[in-house]
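J.: Here is how the chains run, residue by residue.
Number of protein chains: 2
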Amino acid sequence: MKRVPVIVFGVGGVGQALLRQIVNGRLATAVRNQIQFDVVAAADRKSLAWEPEGLSDAQLLGIIEAKQMGLPANPESGRQTRISGERPSNRDILDFAPAAELENVIVVDVTAQAGMEPIIDRALQLGYGVVLANKKALAGPWETAQNYFNHPRIRHESTVGGGQPVIATLRTLLDTNDPIYRIEGQLSGTLGFICGQLDQGVSFSQAVAQAKTNGFTEPDPREDLGGQDVIRKVMILGRMAGWPLEAADIVVESLYPAAMAALSVAEFMRETAVLDEPMRQRVEAAAAEGDVLRYVAELEAGRGTVGLKAIPANSPLANLKYISFRSGRYHDEPLLIGGKGAGVEMTAAGVLGDMIDLVREGQF
Amino acid sequence: MKRVPVIVFGVGGVGQALLRQIVNGRLATAVRNQIQFDVVAAADRKSLAWEPEGLSDAQLLGIIEAKQMGLPANPESGRQTRISGERPSNRDILDFAPAAELENVIVVDVTAQAGMEPIIDRALQLGYGVVLANKKALAGPWETAQNYFNHPRIRHESTVGGGQPVIATLRTLLDTNDPIYRIEGQLSGTLGFICGQLDQGVSFSQAVAQAKTNGFTEPDPREDLGGQDVIRKVMILGRMAGWPLEAADIVVESLYPAAMAALSVAEFMRETAVLDEPMRQRVEAAAAEGDVLRYVAELEAGRGTVGLKAIPANSPLANLKYISFRSGRYHDEPLLIGGKGAGVEMTAAGVLGDMIDLVREGQF
Chain F
1 MKRVPVIVFG
11 VGGVGQALLR
21 QIVNGRLATA
31 VRNQIQFDVV
41 AAADRKSLAW
51 EPEGLSDAQL
61 LGIIEAKQMG
71 LPANPESGRQ
81 TRISGERPSN
91 RDILDFAPAA
101 ELENVIVVDV
111 TAQAGMEPII
121 DRALQLGYGV
131 VLANKKALAG
141 PWETAQNYFN
151 HPRIRHESTV
161 GGGQPVIATL
171 RTLLDTNDPI
181 YRIEGQLSGT
191 LGFICGQLDQ
201 GVSFSQAVAQ
211 AKTNGFTEPD
221 PREDLGGQDV
231 IRKVMILGRM
241 AGWPLEAADI
251 VVESLYPAAM
261 AALSVAEFMR
271 ETAVLDEPMR
281 QRVEAAAAEG
291 DVLRYVAELE
301 AGRGTVGLKA
311 IPANSPLANL
321 KYISFRSGRY
331 HDEPLLIGGK
341 GAGVEMTAAG
351 VLGDMIDLVR
361 EGQF
Chain B
1 MKRVPVIVFG
11 VGGVGQALLR
21 QIVNGRLATA
31 VRNQIQFDVV
41 AAADRKSLAW
51 EPEGLSDAQL
61 LGIIEAKQMG
71 LPANPESGRQ
81 TRISGERPSN
91 RDILDFAPAA
101 ELENVIVVDV
111 TAQAGMEPII
121 DRALQLGYGV
131 VLANKKALAG
141 PWETAQNYFN
151 HPRIRHESTV
161 GGGQPVIATL
171 RTLLDTNDPI
181 YRIEGQLSGT
191 LGFICGQLDQ
201 GVSFSQAVAQ
211 AKTNGFTEPD
221 PREDLGGQDV
231 IRKVMILGRM
241 AGWPLEAADI
251 VVESLYPAAM
261 AALSVAEFMR
271 ETAVLDEPMR
281 QRVEAAAAEG
291 DVLRYVAELE
301 AGRGTVGLKA
311 IPANSPLANL
321 KYISFRSGRY
331 HDEPLLIGGK
341 GAGVEMTAAG
351 VLGDMIDLVR
361 EGQF
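Chains as they are written, first to last, in my numbering: chain F, 1 to 364; chain B, 1 to 364.
Honestly, the hints are just simulated from the structure, not real lab data. Among the hints, erroneous ones may be present.
Here are a few chain B residues that face chain F, going by a calculated C-beta distance under 10 Å [what the hints assert, rightly or not]:
1) L61
2) G140
3) T144
4) P152
5) L173
6) D178
7) A313
8) A318
9) Y330
Dumping the calculated SDA-like pairs for lysine to any residue here, alpha-carbon to alpha-carbon at most 25 Å [to be verified]:
10) B:K309 x B:L174
11) B:K2 x F:A313
12) F:K2 x B:G362
13) F:K309 x B:K309
14) F:K212 x F:R360
15) F:K2 x B:V31
16) F:K309 x B:G362
17) F:K309 x F:W243
18) B:K309 x F:F216
19) F:K136 x F:A100
20) B:K309 x F:N314
21) F:K212 x B:N319
22) F:K135 x B:A114
23) B:K2 x F:N24
24) B:K2 x F:P152
25) B:K2 x F:L124
26) F:K309 x B:E103
Here are a few chain F residues that face chain B, going by a calculated C-beta distance under 10 Å [stated by the list, open to error]:
27) S56
28) G70
29) Q113
30) P165
31) R270
32) S315
33) G328
34) G338
35) E361
Every residue gets a Cβ at the ideal spot worked out from N, C-alpha and C, and that includes glycine.
Only chain F is shown next, with the shape it has when bound in the complex:
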């Protein structure tokens, strides 16, 4: 049995699901994979739970409960060692592990924060494994991000496709020397939902409001509607495929005009109604041709486009969230991964799979 200390940054939806999966899967992971994951630290922005021997299952479930009640991650009720005073810096959290004589640590980033690069760099310097669900470091400027691609101690399955085996598939194609010619897909569950609503005659503003109410969007829906999240995913896939992309290489269609960028979220939500009529006309024009609108990402030879596209309503791809690869071997029909590519459980499972993979490959 291999005991593996784990430091988790981020105890939001994905982080909580991950802690729950670690607890619920503890016996199965021990039997099947001969691994025991000891969560030695779980940190959100404001607080830290820390126990060099590994937080107990009761403590981990207590953290989830506390978070779900909107409390910080270090409930008084837990028995974990509290850090006195202020929450230590991320860097200090990392450096506790060697001080506690922990080795072969895996650091998990399930935050949505920018600026985690120094933490990743420090973790790699310490010889740790790194699992990222957070896309921002991988989608940052190439000069920094290039260090994170093909690194033997970094895994990031959950950055694209929400835990479906998209990254693993692309890695296998590349490992077996299959050149990638074209990557295509519907990479946003949120925009997929909105497009589906438009098909059914729902107005754009109502569809956006519904997506926000259902919790499918970021707190500010413009982060989804502007395509920024899709661009990050496209850049990660394209960079893996060998193209040193920058954000400027991707042409993006935003679903709201630049003039609306300065509004508050509440103002924006009220103003979206002005977009209903032009969108209705586009949907109807597509329908007249037997098409539906989908928010599609297409990448080829290091240049890409992200935006609404008319697709025949009866094509298999109109009604499927998917990512597809055309390659040397898959040149006439692409290789396709489809299914529900969203949800915190899948994303957390992708992170757990990466953790097992790192241990199995003995890479750290």
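Given the coordinates of chain F, work out where chain B should sit on it, guided by the hints.
T.: Frame of chain F; chain B shown alone:
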């Protein structure tokens, strides 16, 4: 750089593609994966090429060329040590490796032969890694086959889905403790082709003849039409999912009547015309309901069916070769892998991916 000796059983279409991929990808595999695969032996039924230092690229290409001219795999022109007299037994081929002081050998079975179990057992006993594209040992009686599932030194991506990441995906779901409820798919490229022809009004006998002419079928097309190959794939997936299936647990619909089993291949091909009219009626009955016929495998709770099924013509699954999994997490929408799941290049790439995976995981 890790040098890994490889013994290849089978130099048919997949074996030749594998040798070509090893040669063509040698530099890339060295740079990307720090691995050099030394093919120390390549054997077909009648002959053997053998070189303890690894056959040279020229020799490997010579073997492919010789096979394509219909000659045995050990061309006179090669510099490899010839085994004098008769081709040695598979067991003796395996045992040469320790005699030559080779360690960490990978044994590849890309034959279609039954009865390879003793060779797999011996390879495991010697501490070798085993990569199977041949389904027969994994789909044999459970009492024997159970030893081959979840074995840390066996890989078999290419047994289902022709090199698409089907096995890897299922493994990740199981590793992350996601129980499998249902497996479904169109698992035969050959029958997928024939169903597509039927859609277009081609008669059954013409569709079968065309599939045979194109090289999509086994030499005896009844091996495809009887569903045996699909059953093997279903059993492999189901056994991975945790059900100790036997062939009798799968209800299969053969596309030819039992009375035609005794005919010679030539007689069978002539007689298929008698099946045209009943099949035409089924296709038309389905079309009247807006459906198309597809040869679908369905497996749930350890029992399965394999046969023709009417599917709405406008559903995404009617026009896509796919395998899907419903699981604890993918319960409302299944996880789906699709694309061209056939062809010797993909199958060989799946084998090469498995070889890299074994080395990466240090499992042998």
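J.: Could you work out which of the previously given hints the structure breaks and list their numbers from low to high?
T.: 1, 2, 3, 10, 11, 13, 14, 15, 16, 18, 19, 21, 22, 23, 26, 27, 28, 29, 31
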